[in-house]
Amino acid sequence: MSTIAHSLRRVIFRGRTAPDVVASPPDAESAGPAAAEPSPVDIAPNDPIIAFFQSAPGAIDIEGLELESPALDQLRAAGVRLVVPLVTQGELIGLLNLGPRLSDQEYSGDDRRLLESLAAQAAPAVRVGQLVREQEAEIRSRERLDQELAVARLIQQNFLPRQVPELDGWGVAADYRPAREVGGDFYDFIDLPDGRLGIVIGDVTDKGVPAALVMAATRSVLRASAQRLLEPGAVLERVNEHLCPDIPENMFVTCLYGVLEPETGRLVFANAGHNLPVMSVDGVVSELRARGMPLGLMTGMSYEETEAVLEPGAHLLLYSDGVTEAHDASREMFGSSRLAEQMARSSDVPGGRLIGSLLDSLGRFTSGVAEQEDDITLVAIRRAGDTSTLADFTVASVQGNEREAIRKLERGLVNSTVDPARMERLKTAVGEATMNAMEHGNGFDPELPVHVRAVQADGAIRVSITDHGGARGIGDAPEPDLEAKLAGDQTPRGWGLFLIRNMVDEMHVSGDEHHHTVELVLRTDGGGSDGNDA
Amino acid sequence: MATTLEARVQAGPGRATIHLAGDIDGGARDAFDGAYREASSSSPASLLLDFDAVDYINSTGIALIVGLLGRARADGVAVAACGLSDHYREIFEITRLSDFMSIYADEASAASSHEGSE
Numbered sequence: 001m002s003t004i005a006h007s008l009r010r011v012i013f014r015g016r017t018a019p020d021v022v023a024s025p026p027d028a029e030s031a032g033p034a035a036a037e038p039s040p041v042d043i044a045p046n047d048p049i050i051a052f053f054q055s056a057p058g059a060i061d062i063e064g065l066e067l068e069s070p071a072l073d074q075l076r077a078a079g080v081r082l083v084v085p086l087v088t089q090g091e092l093i094g095l096l097n098l099g100p101r102l103s104d105q106e107y108s109g110d111d112r113r114l115l116e117s118l119a120a121q122a123a124p125a126v127r128v129g130q131l132v133r134e135q136e137a138e139i140r141s142r143e144r145l146d147q148e149l150a151v152a153r154l155i156q157q158n159f160l161p162r163q164v165p166e167l168d169g170w171g172v173a174a175d176y177r178p179a180r181e182v183g184g185d186f187y188d189f190i191d192l193p194d195g196r197l198g199i200v201i202g203d204v205t206d207k208g209v210p211a212a213l214v215m216a217a218t219r220s221v222l223r224a225s226a227q228r229l230l231e232p233g234a235v236l237e238r239v240n241e242h243l244c245p246d247i248p249e250n251m252f253v254t255c256l257y258g259v260l261e262p263e264t265g266r267l268v269f270a271n272a273g274h275n276l277p278v279m280s281v282d283g284v285v286s287e288l289r290a291r292g293m294p295l296g297l298m299t300g301m302s303y304e305e306t307e308a309v310l311e312p313g314a315h316l317l318l319y320s321d322g323v324t325e326a327h328d329a330s331r332e333m334f335g336s337s338r339l340a341e342q343m344a345r346s347s348d349v350p351g352g353r354l355i356g357s358l359l360d361s362l363g364r365f366t367s368g369v370a371e372q373e374d375d376i377t378l379v380a381i382r383r384a385g386d387t388s389t390l391a392d393f394t395v396a397s398v399q400g401n402e403r404e405a406i407r408k409l410e411r412g413l414v415n416s417t418v419d420p421a422r423m424e425r426l427k428t429a430v431g432e433a434t435m436n437a438m439e440h441g442n443g444f445d446p447e448l449p450v451h452v453r454a455v456q457a458d459g460a461i462r463v464s465i466t467d468h469g470g471a472r473g474i475g476d477a478p479e480p481d482l483e484a485k486l487a488g489d490q491t492p493r494g495w496g497l498f499l500i501r502n503m504v505d506e507m508h509v510s511g512d513e514h515h516h517t518v519e520l521v522l523r524t525d526g527g528g529s530d531g532n533d534a
Numbered sequence: 001m002a003t004t005l006e007a008r009v010q011a012g013p014g015r016a017t018i019h020l021a022g023d024i025d026g027g028a029r030d031a032f033d034g035a036y037r038e039a040s041s042s043s044p045a046s047l048l049l050d051f052d053a054v055d056y057i058n059s060t061g062i063a064l065i066v067g068l069l070g071r072a073r074a075d076g077v078a079v080a081a082c083g084l085s086d087h088y089r090e091i092f093e094i095t096r097l098s099d100f101m102s103i104y105a106d107e108a109s110a111a112s113s114h115e116g117s118e
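One line per chain: the protein sequences are A and B, in this order.
In this text, residue positions in the first sequence follow my numbering: the first is 1, and each later residue adds one.
In this text, residue positions in the second sequence follow my numbering: the first is 1, and each later residue adds one.
Since the hints were derived computationally from the structure, they do not count as laboratory data.
Check the hints yourself; a few may be wrong.
[Stated by the list, open to error] Here are a few chain A residues that face chain B, going by a calculated C-beta distance under 10 Å:
1. 364
2. 482
3. 496
[What the hints assert, rightly or not] Cβ pair distances, simulated, as ranges:
4. A:154 - B:74: 50 to 60 Å
5. B:105 - A:386: 35 to 45 Å
6. B:105 - A:309: 30 to 40 Å
7. B:14 - A:389: 24 to 34 Å
8. A:344 - B:53: 46 to 56 Å
9. B:109 - A:443: 38 to 48 Å
10. B:14 - A:479: 50 to 60 Å
11. A:311 - B:86: 33 to 43 Å
12. B:53 - A:191: 49 to 59 Å
[As the list claims (entries may be wrong)] Far from chain A by the CB rule (all over 10 Å, computed), these chain B residues:
13. 4
14. 25
15. 43
16. 60
17. 103
All figures in this text were calculated on a predicted structure; none of them were measured in a lab.
Every residue gets a Cβ at the ideal spot worked out from N, C-alpha and C, and that includes glycine.
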């Protein structure tokens, strides 16, 4: 037995389709336990020896075996004399390979029976070991992948703007939805001198951590260049020169960079191979073109600049290819024509609602598809339509003066066609917001007025109530709980904000060092609330 | 703040009615509290708040109504309301005040319901 055990070569197993074996020449064996590891013998899945061993009755002398098999040649070259196949449930899972006996005698019948019995008992145990190992490897690889995705997501999230810019007369909205594997989409808003706004959207080829890192680098270089250079084309040129030397092979970045002058609506932009932005005015949709190669491909590129003017009511949409290249269950693409149709239909809704309706439409299109294929990024910029001022007045911060504000508002809105019940709601909301402004903003100082302005624009009446309290939150007072109030567990007060929120379709809060403004929006086009979009 | 609310108490068999007229806001506190004290002196089983002549209720007014309702519940007095405009009826629903008091269109329908329950 000791002779057999000594002659046993280590057997390793790699896969179910092609059992691998390890064998070593006899002289290596004779060097004792410290001998070099035997080298593996790979058996190709189509090697006829697999079928042979699988059906072989027991230990096999391979010397006299006649078979066209590369693995057989390798086994012989490794000095193997006797092979005992390990078969369990009809499947070959490995081999016991033995070199010559140390005594140089042939293996006896007893030796063979012993080896066969050993193989029969070892095979199921080895198979269990293989399965455990496969499962462990799978778990490890899944964990590694999950960890990588978490890192990629973290990088991505940290480099996306936390909020969209607030511009008088403009509505800006953005949405980013990472695919499970996290692509390299990004967008950015950059405050520039003279009140101009830099707008960026981009997409790094590839996914995961490498794409996220290139995205972070692109964003940083672009931000720095945008502060130094005026022209968008020059900015992209600079970014391209910075990226080219270091970007990993086979990776590049598509990117659109535009500079908007909010005062005039003038937009100058350059495009490094990104999806063309879409503009809609009064339901007429057009693509804005500017030529340029993606960033990071080659140095010395120049980028064409295009100028467009966003007139009042115009809508601009920037998007990533994850939108237009999304497939439905029958592998049809969403495409740019569906996007344009949606734009045409949504020409006079705020940006947030355009994005919402696009995402809804995309969701319906891809229903039945298990997983989002690529990152989806949407940036919508809308210039408010012509506005007409309905009321513009101030009231002194004196208790009870919210009634005066309500009366003046009512006079201003006398010709509006708002449904009477909704008008009552607006009056209550404006009264409550004025009370808050007089008390919490102006501390009931009669010298400090509350400014109320109501305009009709974009299918809504917008009433802004401004006090002198400076920027502040609107408080996170708990939702009033009537039962708790009746039981004396909560103060009977605390209804103001609750009423405001329930009376109007939208409420926006903004402010600066000196002023605090609450804007209340009552839609007159039959639309409902859409969250916090401007 | 000037009182802009008048509250007149009318005691009836088993039920007291508070007729409210004007604005229910911060200035209404004394009138409101006084009316409840007066109404509860006859230990009625129920109390009807008549909002028919009320022009305006703000969040402070809602708080006064909540306070009165809390006291009435502690005293074991059922509270009903009538004469609310559609707008304030909606506010009573949003704030869930209507879950804790019966709401009638006017005093007459509140009275007939009261008689029916006796």
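We went through each hint and held it up to the structure:
{"no.": "1", "hint": "364", "in the structure": "33 Å, violated"}
{"no.": "2", "hint": "482", "in the structure": "5 Å, holds"}
{"no.": "3", "hint": "496", "in the structure": "4 Å, holds"}
{"no.": "4", "hint": "A:154 - B:74: 50 to 60 Å", "in the structure": "54 Å, holds"}
{"no.": "5", "hint": "B:105 - A:386: 35 to 45 Å", "in the structure": "44 Å, holds"}
{"no.": "6", "hint": "B:105 - A:309: 30 to 40 Å", "in the structure": "57 Å, violated"}
{"no.": "7", "hint": "B:14 - A:389: 24 to 34 Å", "in the structure": "56 Å, violated"}
{"no.": "8", "hint": "A:344 - B:53: 46 to 56 Å", "in the structure": "53 Å, holds"}
{"no.": "9", "hint": "B:109 - A:443: 38 to 48 Å", "in the structure": "45 Å, holds"}
{"no.": "10", "hint": "B:14 - A:479: 50 to 60 Å", "in the structure": "37 Å, violated"}
{"no.": "11", "hint": "A:311 - B:86: 33 to 43 Å", "in the structure": "41 Å, holds"}
{"no.": "12", "hint": "B:53 - A:191: 49 to 59 Å", "in the structure": "55 Å, holds"}
{"no.": "13", "hint": "4", "in the structure": "8 Å, violated"}
{"no.": "14", "hint": "25", "in the structure": "7 Å, violated"}
{"no.": "15", "hint": "43", "in the structure": "21 Å, holds"}
{"no.": "16", "hint": "60", "in the structure": "7 Å, violated"}
{"no.": "17", "hint": "103", "in the structure": "15 Å, holds"}
Hints 1, 6, 7, 10, 13, 14, 16 from the list above are not met by this structure, while the remaining hints are.
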